[in-house]
Amino acid sequence: GNSVTQMEGPVTLSEEAFLTINCTYTATGYPSLFWYVQYPGEGLQLLLKATKADDKGSNKGFEATYRKETTSFHLEKGSVQVSDSAVYFCALPNYGGSQGNLIFGKGTKLSVKP
Amino acid sequence: EAEVAQSPRYKITEKSQAVAFWCDPISGHATLYWYRQILGQGPELLVQFQDESVVDDSQLPKDRFSAERLKGVDSTLKIQPAELGDSAMYLCASSLGAIYYEQYFGPGTRLTVT
Chain Y
1 GNSVTQMEGP
11 VTLSEEAFLT
21 INCTYTATGY
31 PSLFWYVQYP
41 GEGLQLLLKA
51 TKADDKGSNK
61 GFEATYRKET
71 TSFHLEKGSV
81 QVSDSAVYFC
91 ALPNYGGSQG
101 NLIFGKGTKL
111 SVKP
Chain P
1 EAEVAQSPRY
11 KITEKSQAVA
21 FWCDPISGHA
31 TLYWYRQILG
41 QGPELLVQFQ
51 DESVVDDSQL
61 PKDRFSAERL
71 KGVDSTLKIQ
81 PAELGDSAMY
91 LCASSLGAIY
101 YEQYFGPGTR
111 LTVT
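Chains as they are written, first to last, in my numbering: chain Y, 1 to 114; chain P, 1 to 114.
It is possible that part of the hints are untrue.
Unchecked claim - Reference excerpt, derived from the structure (chain P facing chain Y, CB under 8 Å, subset only):
(1) Q41
(2) P43
(3) G108
Since the hints were derived computationally from the structure, they do not count as laboratory data.
Just so we're clear, the structure is a prediction, and the values are computed from it rather than from any experiment.
We put the CB at the ideal spot given by N, CA and C, even for glycine.
Kindly generate the complete structure, drawing on both the sequences and the hints.
And the structure:
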């Protein structure tokens, strides 16, 4: 089935630093790819998505590009803020199994210091 | 903005006791998912419903876990008896349909088994 591997954390950055969180995937076909964010004590929120190769998803200053040739979907932000402190999950659908449930990476915890 | 509701938010129970979680999806969403998130890990699917029917419960420990969505709207997940290893966050998500539709997550229920 489909799978995803993401960079393990924790990642600690100073405010305004550049962020990259790596994510690579293994999949049948070309599924949509997602980044979800989980703030402390909360459920997951969709941060951005890309539905086909070379698509760039973006939201709140975060970007990720669907790279078919490297099977990657790395998350980037040019200048992080303290409010970006959260856990970030890369995900893709599990078409091989139950028709659409998501397969998540283990998550990368980001802490941004003022 | 419509949200997925879950209750309770927190639950502490002793092992061997029964526990139940409730989820109310966004109105009109036919697909409902229950995920379990162990601390430090990404969510993993327990069960997926399409309307009132189970479409995937392959990862549900059926000797102790049960799930229902009787009228195709809200859903209940039950554990009986609870074990120490069941301590986790239980997340409910809903979408308009399976595949190609965004999943919206509730805030989760944090279960602690003592």
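Now for the hints, and whether the structure bears them out:
no. : hint : in the structure
1   : Q41  : 6 Å, holds
2   : P43  : 5 Å, holds
3   : G108 : 5 Å, holds
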